Amino acid sequence: MRLALISDIHGNREALEAVLSDAAARQISHFVVLGDIVGYGPDPAWCVERVMALAKAGAVVIRGNHDAAIAEGGRDMNPQARAAIDWSRPRLTQTQRDWLATLPLTQREGEILFTHASAHSPGDWIYVTSGRDAMASFRSSDARVIFCGHVHIPALYSCDLVGRVHDHQIAAQVASGNALPLLPSRRWLAVLGAVGQPRDGSPAAAWAIFDRDRQEISFRRTAYDHALTARKLRGSDLAPAIAEALAERLREGQ
Amino acid sequence: MNQTRNPRQKRPHQGLEIDGFTLGEMLHRGGFATIWQVSHPDHPRDMVMKVPTILDGDDGPTIVGFETEQMILPRLSGPHIPEVIAMGDFAVMPYLVTEKLPGASLQDVFDAVTDRRPMPLEALIALACEISAALHQLHLQRVIHLDLKPGNLMRRADGTLVLIDYGLARHLDLPDLLAEEFSIPMGTFPYIAPEQYLRSRNDPRSDIFALGAMLYELATGTLPFGQTVTLRAVRRRLWQDPVPPIALRPDLPPWLQEVILRALEVDPARRFQSAAQMLFDLSNPTQVALTARAAKRQADGWRLRLRRRWQMRRIRGFAPPPDGAGLPDQATDQSLQPAVLMAAVDLAPEMEPLSARILQAMREVLHFRPEARVACVNVLRSARIGLDIGTDQDGNNLHVQRLVALKAWGAQLGLPEGRVTYTVLESSDPAAALIDHAGRIMADQIVMGARASSSLRRYLGSVSAQVVAEAPCSVTIVRLPARRPEHGRPEPDRPVSGFTPTPDAAPDHASPP
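Going down the list, the sequences are from chains A and B.
Heads up: the first sequence is residues 0 to 253, going by numbering that gives the first Met the number 0.
Heads up: the second sequence is residues 0 to 512, going by numbering that gives the first Met the number 0.
Rather than coming from a laboratory, the hints here were simulated on the basis of the structure.
Since the structure is predicted, the reported quantities are computational estimates derived from the model, not experimental observations.
Take every hint as true, because none was put in to throw you off.
Taking lysine to any residue and the SDA-like style, the derived pairs with C-alpha atoms no more than 25 Å apart in a straight line are:
1. K9(B) - Q214(A)
2. K9(B) - G162(A)
3. K295(B) - V265(B)
4. K9(B) - R185(A)
5. K9(B) - R143(A)
6. K9(B) - L182(A)
7. K9(B) - V161(A)
Whole structure, please, built from the sequences with the hints as guidance.
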């Protein structure tokens, strides 16, 4: 069975649509959404509605810090993120807001753990950006494979037989979409890139396919009409400086 | 989590049953692994199980080497790769079950060779061709072996050469677990390339060097750099050149010395750029361009070596391979090889504009693939199989005539000798002959022409269409621009002037109609 792993949609309808249709073209019907459905992007309500439909069809959906901030206020966020959340909140229905608040922080499926940020104290939204961060996740869970998002830059870590953590150089594989085997001799942590706001220099939506039978992960990029998303941001009633900064990010993938 | 103390952990011994496999006799005990005969009720074939010898505690390189092999071997395919049947769980007992290859490795063959009794030339060349063909197929799968040596060459019952042991190999599309963890050079010292000493693990030309070292050994009975056992001694090959093989074996043809010494060049850029190019020279001895390498009769003097040593004192590495080898982006090219291009050209007078166009297309391809080699091919169509077509009515040898014309055509590419070969194929089926030849020389691309639509094509069928449909590689079809019909009148559909096809036509310039 193959799973489409998608994370950090951030209210970007065009990116989400492109990824879902790419997944459909690859005959993938199982989805996991690793949080941050809203924030930054111009279409929070549409994205939440679409993910709710995925959840209804059986998808695993995890709560991210932006999703949590809809109900909790996002007082610890940076001003830009917080402004986007404050703008998004009234655009969601009460049902959508309630649904976001009920999402789990982590979910375990057999030997796989899904979470938005570090598996170590998931509610504290710790970024996994180094082997040391990955080590904390490996220590706080006995899952063989951990999938998370939050960082917006794809990465792959492994923990070997003697407990050492390795940060694998996967930039090339991310670009080419090659299947990477998650060897049974190790434990693995994959950080997904962002669907709706990539920050690794490529504007294309980042996601991944996990083949459970073959135990292989393929990092994928799907091009989408980011210029349209940017136009929507600029045409919105977000503060112009913030809308401009968010729009520019999409074009550069930064 | 130190799983070596896991209570479920098993150790291999005769009679052990694991995942349905029963261990039989131990066939081999190597430095890093043991090999066992195994049986399984679901697999009636002969199989062996390789079990890494993991000492209690931390035995990094053995484990990572085994992980590397588990990662790479199942992704490989083809006749020169051992077939994987099962892999074991590290938590219980790591193992790899593959088909059993009969007999011992080619180490025996190499051991039988001495300076008094080197390998006969014919056998040596045949084996060299086999290894380079197998190596090319491996490289095409974006895998570099990095531990080529006699002990890693075996044969199937039908004689097919098989490259075994991928514990040090590198797959260019997968993370390099070994490089991520260890900084010591790995490989078998007498055979490893100088850049491997410099920690390079992404250059397919390292395998070319190892192949060169093996051929040197077969040709002379001695290793080019001696029985190297220390890293210090490996480093020496950065400046110390081997004694030219002819000095040790006077009957060695200069072209073969050229091939061997070229493979053993210190700078990968001066070696063959791919195993296919090496195969190309090994199978076309008369067309190998001889350089100073072929004429060399003794090793370089101490001054020259000292100078090279000085030059190499701070070297950190060599330029990466061209054509994206070792680079992350595989989309730019299906292979990591400099290409072998095959130009199929029709030399009939009425085809001159088209052959000029093919020449132009070849120049364009060579502009982007400056390392490529070119095989110029022409087909001499024999009317009927078995009919003697060697001479024309005046008794001139058609084959020779055609070869001369082909050489004149190819010379216009301006390639140095040794980068281009000329072959006239004789066949009643030009398309089949071209397809077959492309497969034999492992061409990456065929460039050929197609006639504009004509009734001739209906008579003869389209050679180009058949080649496109059946060729083992990419095919570029060159066409002359369609002539614009004058006064809006379509051009009459007629045979090319001066050529009337008849069944059983006399030998005809056949190729791309």
